[in-house]
Amino acid sequence: MTGLETFVTHTLHGIQYGFVLFLIASGLTIVLGILDVLNLAHGELFALGAYVGFTIIGYLTGLVAPPTTLSTQLVFLGVVLLGAALTAAILVPVGVFLETTFFKPIYGRDEVYQIVLTFALLLIIKDVNKLIWGPSPLRLQDAYGGINSIPVLSRVGLTYPTYNVVIIVIGLVTVAGLFWFFNRTKTGRIIRATAINREMATAIGVNTGRTFTLVFALGAFFAGFAGALALPPRFASLDMGANPLVLSFVVIVIGGLGSLRGAFVAALLVGVLSRWAIWQYPPAELAAPFAIMAIVLLVRPEGLFGTWGEMG
Amino acid sequence: MSLLELTAVDAAVAGFDVTHDVSLSVGEGEAVGLVGRNGAGKTTTFRSIMGLADVTAGSIRFRDEELTELPADRIPSRGLGYQPEDRKLFTGMTVEENLRLPIWSLGDERGIDDEDAVVDDIYDVFPELEERCEANVENLSGGQAKMTAVGRALSLQPDLLLLDEPLEGLAPVVVSNLKRHIRAINDRGIAVLVAESNVTHVPDIVDRIYVVERGEIVASGDPEALAEEPEIQKLMQGSGV
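Protein chains in written order, with this note's numbering: chain Z, 1 to 312; chain V, 1001 to 1241.
Take the hints with a grain of salt, since some may be wrong.
In the DSS-like style, the derived pairs of lysine-lysine whose C-alpha atoms are separated by at most 27 Å in a straight line are [as the list claims (entries may be wrong)]:
| # | chain 1 | residue 1 | chain 2 | residue 2 |
| --- | --- | --- | --- | --- |
| 1 | V | K1234 | V | K1179 |
| 2 | V | K1179 | V | K1088 |
| 3 | V | K1088 | Z | K104 |
| 4 | V | K1088 | Z | K186 |
| 5 | Z | K186 | Z | K104 |
| 6 | Z | K104 | Z | K126 |
Away from chain Z, derived, C-beta distances all over 12 Å, residues of chain V [said to hold, decoys possible]:
| # | residue |
| --- | --- |
| 7 | S1002 |
| 8 | D1010 |
| 9 | G1029 |
| 10 | G1039 |
| 11 | Q1083 |
| 12 | R1110 |
| 13 | L1162 |
| 14 | V1174 |
| 15 | H1181 |
| 16 | R1188 |
| 17 | A1219 |
| 18 | K1234 |
Just some of the chain Z residues that point at chain V, by a computed CB distance under 10 Å [said to hold, decoys possible]:
| # | residue |
| --- | --- |
| 19 | T202 |
| 20 | A203 |
| 21 | I204 |
| 22 | G205 |
| 23 | N207 |
| 24 | R210 |
| 25 | L214 |
No wet-lab data here; the hints were simulated from the structure. Heads up, the beta-carbon is just placed ideally off N, CA and C, and yes, glycines get one too.
Kindly produce the complete structure, drawing on both the sequences and the hints.
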């Protein structure tokens, strides 16, 4: 592999990693921007998405032929994506339940209630995952390898997993969809208005309670989607929610607390720069995102962008 | 029967009593002023009507329905439009988005079938806004921002418009322009309740006024006659009279 190929491969890895981070962080930052709640349990919704995805994708892929030819590999890819979408849809009622049952009573109360509640939910969801799927890590057989057999970048002489290309494409579509939703649809702009000024939104007739539930469900949807999509190359495990949660915090701090555009830029920044750091100096893997955060905060203490509602 | 009737309303902000025993009424299509110095209780009275302040005693009825029993987000659906004192425009959005947001939220419930027609109607009242319809609200002048806030309050085709200090902080030429617009709105049959700290502004806009001081209504009647009264002049000293 030439130096340029290595550079491109690591950059693509970083972009793919950045998109996964964005999918997780987008939900966290939307909930923070509108509900004013820092949800420590968000990483566990990501893990729940991986476990539910394991069951659904595992079931669906069992219904189709093994990915041995191009056509069956494409069917396999379609089934995996369908499973991820179904997983995300299942997380919606979970989000609605959590918001209406646990979060509603703590709105407007001291942050310590949020911390205690969301940390308790983190532990509860982890235990529920353990109760249903057991303590051992779970991995989907065939899915990753099957999809990677579809030749995409190998046609241009680049060795890079096709599944990661799929993640990048889905990430791009999701980002475009999210920005379209918040900038072009009536519901999206009502949500933004609620984020900008909750009281004035009420004074024009917005049911802010229902908006909050919708926003939390949206956050759960994207956490679940990210969890299911992240599953094929890795194991679903009980500790898989912790690292993405911490990195999502890093992303939303770099981007500007509650800024969706900031989360997008920051996720790609963290993803790519982290991969470059790992490539050049592997021991920097854990420290790289935090070093990036420290540098950004030194230059722009408020993060790269402003508040969420104003930026879309 | 009055369109809006406040009876012995006490209201609190952050646990502190601000208004006491406030009673006032606005009839169908009437233009009424609520005049008082800054901090006298005008804004709290308006916020009480809109369900945004804590009403601890008394009654607020609109078309004979008790508003204090409704959640705040249901009150606009009854036919009340509200322009807050500090405008509270939705930043990061255009003038037209600000005008359309209430329709997107409650248009169906208010029986608004033709959203564009409502917005065009607002542009008829405020032609200045049509020229700036695609501008972000952060880029508006003070007068344009006030017009946008009033236009937004009009977008649900209310029966009663609450305007909290619509003329405050505007250049004299803009003030006279906005007064003309407010009159035009009232001429369309929309009742208007205007809060104002400068008593000399209100005779051009309203038919009668209430004077509020330290959270209580201390006088009411013809605006020009009250503006001439020494007691009222003394009361309004320091408020630009």
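Checklist entry - Does the structure break any of the earlier hints, and which numbers would those be? => result Checked against the structure, the hints that fail are numbers 11, 12, 13, 25, while the rest are satisfied.
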